[in-house]
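Peer 1: Protein chains in written order, with our numbering: chain L, 7 to 833; chain V, 40 to 253; chain Z, 122 to 381.
The set of hints was computed from the structure by calculation and includes no laboratory data.
Hints should not be assumed to be uniformly reliable.
[Claimed, not checked] Partial pick of chain Z residues on the chain L-facing surface, computed with a CB cut under 7 Å:
(1) 133
(2) 156
(3) 188
[Said to hold, decoys possible] Listed below are the simulated DSSO-like cross-link pairs for lysine-lysine, each with C-alpha atoms no more than 27 Å apart in a straight line:
(4) 832/L <-> 165/Z
(5) 343/Z <-> 94/V
(6) 165/Z <-> 756/L
(7) 756/L <-> 701/L
A virtual CB, placed ideally from N, CA and C, is assigned to each residue, including glycine.
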Amino acid sequence: MTNHWNDIQHADAILIMGSNPAENHPISFKWVNEARTKRGAKLIVVDPRFTRSAATADIYARLRPGTDIAFLGAVINYAIEKNRIHEEYVKNYTDAAYIVNPAFQGATDLDGLFSGLTGAKYDKATWAYEMDENGIPKQDLTLQDPLCVYQLLKKHYSRYTIKKVSDITGCDAADLEAVCETYTATCKPELSGTIMYAMGTTQHTYGSQNVRAFAVLQLLLGNIGNAGGGINALRGESNVQGSTDHGALFHILTGYLKYPKANQPTLAVYNEQNTPKNKDPKSLNWWGNTPKYMASLMKAWWRDADLETAYSYLPKIDDGKNYSYLPIYSAMANGEIKGMFVWGMNPAVGAPSSKMIRKAIAQLDWMVCVDLWETETSAFWQKEAGVNPADIKTEVFLLPAASSMEKEGSISNSGRWCQWRYKAIDPVGHAEDDLWIINQIVNRTKALYAKEGGAFPDPIANLTWNYGKVGLDGKIHPPSPREVAKEINGYFIAEKEIEDKAKGEIKKFKPGDIVPSFAMLQDDGSTVCGCWVYAGSIDDKGENKMMKRDPADPTGLGMFPNWSWSWPVNRRIVYNRASVNVEGKPFSKEKPVLWWSPLKKAWLGDIPDGNGDPDAILPFIMVPHGRGMLFAAGMSDGPFPEHYEPLESVVKNTLSNSQVSPVITRWDEKAKEETCNPILAAGCIAALYGSEEAKEFPTICSTYRVSEHWQTGQMTRWIPWLNELVPNQFVEMSEEFAREHGITFGDKVKLTSARNVEGITAYAMITKRLKPFRIQGKDIHMVGITWHFGYKGLATGGNANDLTPFIGDPNTMIPEYKAFLVKVEKA
Amino acid sequence: MSAHGDMIKVTDGIERVVHWILAGSCLFCLITGIGFMYHSWSFIATFLGGPYAMKWMHIFSGLAFAVSFVYSFFMWKKDCQFESQDLQWVLKGGGYLWNVKDLPPVYKYNAGQKAFFWILVACAIVIIASGVVMLNPLYYPVVMARFAYMLHAGAVVLLGAFIVVHIYLGTAGNPGTVSAMLTGYVSRPWCETHCPRWLADRDSWKPGGEKDVA
Amino acid sequence: MAEYIKLIDVTKCTGCRGCQVACKQWNSLPAVDTMFTGSLQNPKDLNYNTWCLIRFDEVEKDGKLNWLMRHDACMHCETPACAKACPSPGALTKNENGSVVHNPAYCIGCRSCIVACPFDIPRNDKALEKMAKCSLCHDRIDDGKKPACVTACPTGCLTFGTKEEMLKAAEKRAEKVKGVIYPANPHYETHVMYILPGTVGVEDFSHMNPHPKMPATLYWWKNLFKPFTLIGIAGVAGAAFLHYIIKGPHRVHEKKEGGE
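Please work from the sequences and hints to get the whole structure.
Peer 2: As structure tokens, this is what we get:
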């Protein structure tokens, strides 16, 4: 989230697309309703299904699963054509005026592709701005130059007309126009519109581009940085924000530092390649600080090693390799991975083509599961999983873990608020908290390396692990999460004098002093910091700001600066410098996030994004040139979002001849190769448009969640109260579909896909809330199914992910769970 | 003359047993019913071991009432058929409450008694039928169940009042009557007053002797 | 003590069913073993262990689909028919704070409350011979808290406050969303009220009585027959006594056999 949960109350229009907050983020609707009651905000819900979020919406527009970019393209086109853009914002704060390399060619020129495609990868050399002699991008502030970003954008989206998009998405043209009209009304400077999105947006082979389309729209309307605006990712788990902040993804270290690659053998090379350069004096180019953050992290992990040695301890990603969810299981199937820790996760239900995943897990030598209950993953070898336990050689360990109420620590919510939580009760039985478990593993592993040596013991042996020490009695003491929090915040390990240029004073620090903010982190190894964005979460007296619970709200905007702590530097709305004009005056007088006081010569309100007087810096400080990117060269699949069909589709892409995204990793093609591992061959095949399989599996299927269960149901299906509400797996279908297939109320139906011909069963929920889509003159049906069910727990049912395709987005590898093909028949 | 002197047997054993089962269960139901109806009279329930126990007592007593009612209905209905003279009896004002001359001679039961019988029949049918509904009120349409509760109470208003009349007239109001339901015998003059035609009939069957009534 | 009202703003309900679970949690009610019912509504109906239920209805009106979700629970009537019908003192009590509370210790399982209720709310357990229904969490109210369902409601659909406050809020909100206040009849007062969307009618919601009132049969029973039972008995007994003392008993003249 660029903003935060209770900021939604300031919106004048709320676009819920690719999410279903009423069901999956129920509390957010408090703020949605607040905005509607107090501001008269319009609620727009765009979803293939008429969801519980849609039930109270002002406008509901349906779209075929996987056609979000087409839909948003129409809204963007409408905004440009009708000049419903926030012109001052677009000119000053976005790259609209930048001139692009004349060699760049877009989707209009290349039939849905962009220049530079070689094989299944783009060479992005032409996706660049033209630079002036000072190394600053050239601009045309009239936005008339045909090579400027704005004109390229206009040309790109000119194809996304209401009529065309209506034919692609199946959305009624009148509904589509109503959405365009209502949402683009927030282009007025004093109005703001927010976008609430979740996995319906991201879980596609162009999921990242779906989000990019939101960004383009919000930048055009001037809706980023202000109160009631922003692009707000509704996180699916309470602390998933924390997990990404702290590097629980393969491609990033903590604080979103890029993960080192094999071709970056030294820290110097790493810094050289990962520190963006910018010559515009107005651009802060915050990532220019990368060496400081990286050095502090290396010191946090290997205190006693010099920086280069510490860096050398980090494993590196092999060139061209990807270690995300899908490739990991593919490697596991091939026997390349021998062991796995599954920590509070349930891939046997949650991963795509999960039947194949279970087979892949069976190739492991050992697996450690850490969870509250026995999950489908830890029980993949049991009879309920449909296998013969005697055939499974994997040794499985199940460590009982403490629940969130049974341990202390911080939770970072979608709005980046890091809130400290205390332990309420002791864990049940032998269950222990995660930190205790990790501490045991680390200390015991260290002891083993010390005793037995090994191929390369140094990274583990020299690892700084100064919490949960081993006592004189030889016992490992349980660590305190507060010690970890201190390291995450950072502290000095050497004497240091730092000049504060803004105040013109010199600050002196001695070893052990808390790092007051990430601006004080050093690249010389004198500071340690576990996660730079969290620097400042502990104050100089050692008080943990995440524990703050002061309900004071000085701005009246619900930012509660002293309630918990928000990264970065307690800033509640990021890019908030974009909420004021170049003179420092808020665009909206009614809900100013911050404003410049010429008398005090200071910013008032929220913590400003970057210091300095108004207009001294550009607002988008994390972007090298400081301006919001309508043209994003960093994407793998194009600088502008372009509509492609899902991998499995019964519809031809009528916008171009590029049926699917050209740069996705095609496991389905690898599956056809003769050398392919049989596990992968069976689990990766796909029903492509026009193929025989597509005829056999003609119905679009989308997976989703309901309020009553959570994720794979690994926790909720053990709770009778929740099972009472949703006791069985069900599949939603329209009355028309049910009639066509002879399915009646209460019938059990079987769903099969190209990857699972045995299929799964579910009860039929026949509803008026689904209707066939009218696409290119044909009625296209869809069904929807929850992915909460499996074979363990008090309530069991068919696992929807046994059907889903093994394919992901080229940027993030997030699997395409939301649009695939199935066959539905009466069981 | 029999052991009873010049007493005339008007009821036999079964009749008296049935009467007292009917009367007893009816009174018990009435009292417990009042205990339910008036929260201020909850001492009745307290006395009987609480409202829950009283519920079942009421139900079983009602069952006894229903069974004895059905039996007595067939037992007495013949004697309680109205005849033309009953109208005259009514027009003359009865004869229970005060002495009236020239009453048409009554057979076994006078019109008042017959009327009580039929009122009892009507009320009992309503009470029993509604009682059956109230046993399992959720098996029936709600409107029907609601009417059952209302009619159950409504019938009691009528029946309760008539029972008091019946008791008074059978005891203090007409001395010598109560023995008909205790010993089964009443005096000859009682018969001459209250059921002269029946007496004449009886005498003709077996003058001076005894004859089973039924 | 103040009188309270729970206001259910149906226009804000998203059917998350937090209220349903919170109710069970606070009142320690066990889960019911359910099966898929064809819709999200589950259990299918209120029951002894489910005191509040979100009812789901799909209604197409004027070409627009309405997915109606309604929190269904006891309305806590000002003059509760259930308590009026109840034969067991203490089993159903109307409190000053507006709640109508059942006490299983006194319930005899007669089910007259279920029949009498104009909203068909109370439910019984056959084996236990007890009834149960929402108590408005009167124990929480007495403790200065809101009912569990209201506390759990994330969307602001359920609100709770003093009667005056809530009546005002209801009117304001109904005007704003062009909705309808239910029950509409000012003569039928309840301590739970609804704001229904104006786009649909009361009759579009399942299990909703468009014209709630005390059943006439109950009125006849309790307001007429009840007093007349004793009046009748006492009246007749009094008349008999008067007859006895004024007119005297009707003695038989035994002139033929001995005389007096």
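Peer 1: Against each hint, give a clear statement of whether it holds in the structure.
Peer 2: To see whether the hints hold, each was checked on the structure:
A least Cβ separation of about 5 Å between residue 133/Z and chain L falls short of the 7 Å threshold, and the interface hint therefore holds. For residue 156/Z, the interface hint holds, the least distance from its beta-carbon to any beta-carbon of chain L being 6 Å, beneath 7 Å. Using the Cβ-Cβ criterion of 7 Å, the hint placing residue 188/Z at the interface with chain L is satisfied: the shortest such distance is roughly 4 Å. A threshold of 27 Å between alpha carbons decides the hint, and for residue 832/L with residue 165/Z the separation of about 24 Å falls inside it, so the pair holds.
Proposed proximity of residue 343/Z and residue 94/V is supported: the alpha carbons are some 19 Å apart, at most 27 Å. Proximity of residue 165/Z to residue 756/L is assessed by CA-CA distance (about 24 Å); at most 27 Å being required, the pair is judged to hold. The hinted pair formed by residue 756/L and residue 701/L meets the criterion: a straight-line CA distance of about 17 Å does not exceed 27 Å.
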